[in-house]
Amino acid sequence: MISMRNVSKIYVPNKPPALDDCNVEIEQGEFVFLVGHSGSGKSTFIRLLLRELLPTRGQIVVAGQDLTKMKPWKVPYLRRNIGCVFQDFKLLPNKTTYENIAFALEVIGRSKHVIRTQVPEVLRLVGLEEKMESYPDELSGGEQQRVSIARAFVNRPPLLLADEPTGNLDPATSLGIMSLLNRINKTGTTVLVATHDREMVDSMRKRVIALEGGKVIRDQDRGVYGYGD
Amino acid sequence: MAINFGYFMKESATSFRRNWVMSLGAIITIYLSLLLVGISLGSGMLLGQVVESFEDKVSIRVFLKDGAPAEQVDAMQAELMANEMVATVAYTSKEQALEEFKARLMEDSPEVIENLPGNPLPASLDIDLKDPRNVSTVVEQIVASDNFMAVADRPDDPAKSLEYGQEVVEKLFTVTRIIRIVSIVFVAMLAVISMIFINNAIRIAIYARRKEIAIMRLVGASNWFIRTPFLLEGTLQSLVGALLAIGTLSVLYFYILPKLSELMTFLPLSMTGGDALQVSVILVVTGVAMGLAGAMLAMRRYLRV
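Chains as they are written, first to last, in this note's numbering: chain S, 97 to 325; chain R, 866 to 1170.
Treat each hint with caution, since some may be false.
Unchecked claim - The list that follows gives simulated cross-link-like pairs (lysine-lysine, DSS-like), each with its CA atoms no further than 30 Å apart:
1) S/K208 with S/K227
2) S/K191 with R/K875
3) R/K875 with S/K170
4) R/K967 with S/K170
Stated by the list, open to error - Label-pair restraints from in silico Cβ distances:
5) S/Q161 with R/L889: 12 to 20 Å
6) S/R176 with R/A878: 23 to 31 Å
7) S/R176 with R/K875: 41 to 49 Å
8) S/P189 with R/K1124: 56 to 64 Å
9) R/N1065 with S/D117: 41 to 49 Å
10) R/N1065 with S/K170: 31 to 39 Å
What the hints assert, rightly or not - Stretches of chain S that chain R covers, calculated by requiring three or more beta carbons in the stretch to come under 8 Å of a beta carbon on chain R:
11) 199 to 206
12) 218 to 230
Since the hints were made in silico from the structure, they are not lab data. Keep in mind it's a predicted model, so treat the numbers as computed, not measured. Glycine is no exception: its CB is placed at the ideal position from the N, C-alpha and C atoms.
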């Protein structure tokens, strides 16, 4: 699903690279944590996979497509195959839960019929069918993140990226979000979660890729957060 | 596509409601610049007619001295006919000149002429040119000609033996040239200003919708899908401006122009419906082009997708 070979990303010449010669292979259906301190390169990693950035060196293949050779006009079609969840939810405040999710389908040209059937379905999956008509500011943080996950998943992408999805949430709520991501993973979707939520990583016992100073310092199945601190 | 079109129209309408002040500014500047384009096009057409009507009147008249030998007059006529700048040469005899004079000026008091001792008017050669702008060249050639010296009414003062509307034509050409240059400069400036306004209106529209745009990119909306509402908005703004300009020009055309030509019967001030339609089409096309250009400019700068 994801293949990074000798990938480096240098934002400013002559400064330490954000990513330094990374090699990562992630198979379809895997659940992977990407851990590391702030500034270790997690966000760069995610943005490279979304092709918001191009690597300075190396090759990235996502869903069978070489991102370094991809034509710019094809990028939107790549992103339709990647669901994306962020720490700040990125919901539109003037749209209801239903409309926020429908918007994601609307703008990729899905028909009204598809929208009417898929949106309630994904809301049931995340357990928010009751909150369909609520606006984001009427929802709790955990609920908002569920909406954001529903939006990322409504198109059934084969890959789901989450950048600090529990960064703004308390531990109990975080647990719910993680189990939701786990459930999505069980449907066959590859899930990559960038986080520094130690408890979460340790309790889930999934594959852990650790970044430090832009290098992959550890890649371990059924791993823990690690770092002695 | 049907769903999409509805979506784009909805988006454009929403965006217009959200920042109607900027949109209105864009519309008004476009309106003003297109109005100016229309006025200068229309007045250019009218002036063209005026110039043409004067050009028709511009001919060179060579006065012949009484009793000039016929063969020399013929030679002069032949020489003129041979000149490739000359269209026609007509001979007016003394008697014809007098008749013309009577018909033209003395209708009310024919006795003035009846009482004249003889016929004071000279015979003449009337020369029409293919292009009135060549008047001075042809005049020089005539003055330099030996035939002319032989037949001219007053060979001592050649200028008095010639009559032509040189100055009128030159002034008209100068005036139209100046008007043309001034209106081109104004229109160009206004076009730039309207593009800046549209650019600004679209920039604000993009800024107002930056969250939506970020999410659209995230979920994989295609570039044209993100861009189309803004292009449409710029186009709609300029289209509204163009229609307003056409409306104003119609008022001028249907109410003011007839009054104006009533006031100035000596000038042929009229415009055909076809010309008016042509001006309208030009305005719509230029307007839409400016709107699209302004919106594209804004998107290149503020909407990198």
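How the hints compare with the structure:
Using a Cα cut-off of 30 Å, the hinted pair S/K208 and S/K227 holds, with the two alpha carbons roughly 20 Å apart. The hinted pair formed by S/K191 and R/K875 meets the criterion: a straight-line CA distance of about 15 Å does not exceed 30 Å. About 27 Å separates the Cα atoms of R/K875 and S/K170, which keeps this hinted pair within 30 Å; it holds. For the suggested pair R/K967 and S/K170, the alpha carbons sit about 86 Å apart, so the restraint of at most 30 Å is broken.
Separation of S/Q161 from R/L889 is about 46 Å and departs from the stated range, judged on CB atoms against 12 to 20 Å. A hinted range of 23 to 31 Å holds for the C-beta pair S/R176 and R/A878, which are about 27 Å apart. About 22 Å separates the C-beta atoms of S/R176 and R/K875, a value inconsistent with the hinted range of 41 to 49 Å. At about 57 Å, the CB distance of S/P189 to R/K1124 agrees with the hint of 56 to 64 Å.
At roughly 46 Å, the beta-carbon separation of R/N1065 and S/D117 lies within the given 41 to 49 Å, and the hint holds. For the pair R/N1065 and S/K170, the supplied restraint of 31 to 39 Å holds, since their beta-carbon distance comes to about 32 Å. Counting residues of the segment 199 to 206 of chain S whose CB falls under 8 Å from any CB of chain R gives 6; the rule of at least 3 is met. Beta-carbon proximity to chain R at under 8 Å applies to 0 residues in the segment 218 to 230 of chain S; the threshold of 3 is not reached and the given coverage is violated.
Hints 4, 5, 7 and 12 from the list above are not met by this structure, while the remaining hints are.
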